[in-house]
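Kindly produce the complete structure, drawing on both the sequences and the hints.
Going by the UniProt record's numbering, the sequence shown opens with residue 1, and the numbers climb by one from there.
No false leads were slipped in.
Ranges between beta-carbon positions, derived for each pair:
| id | residue 1 | residue 2 | range |
| --- | --- | --- | --- |
| 1 | A36 | L13 | 19 to 29 Å |
| 2 | V48 | Q16 | 18 to 28 Å |
| 3 | T7 | D28 | 27 to 37 Å |
Treat the hints as calculated values from the structure; they're not laboratory data.
All values derive from a computational prediction rather than experimental measurement.
Idealized CB from N, CA, C, for every residue including glycine.
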Amino acid sequence: MTNLSATFSIEQLESQEDTLVFPSFKEDTALELGDALVAAARSRSAPVVIDIRTAEFNEAGSCCAEPQDSLRSTTTATSGAVS
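Here it is as structure tokens:
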């Protein structure tokens, strides 16, 4: 397994927090982001846990996957639930 750890300064993290902002963020955006994160983790055979919530703390989606397992996910949105 590849070591993917990185070290960032507080200033670098604060800069990322200020610049990495979505112009809008809805359930569809959360699903796209979650799918991209899962695909990136799978391409690296990395285990991953993803939990995405909107500013109102509504769960937009969550996922838990291990490299050798099939994807186990539960996706919910404020307009309804999808499994």
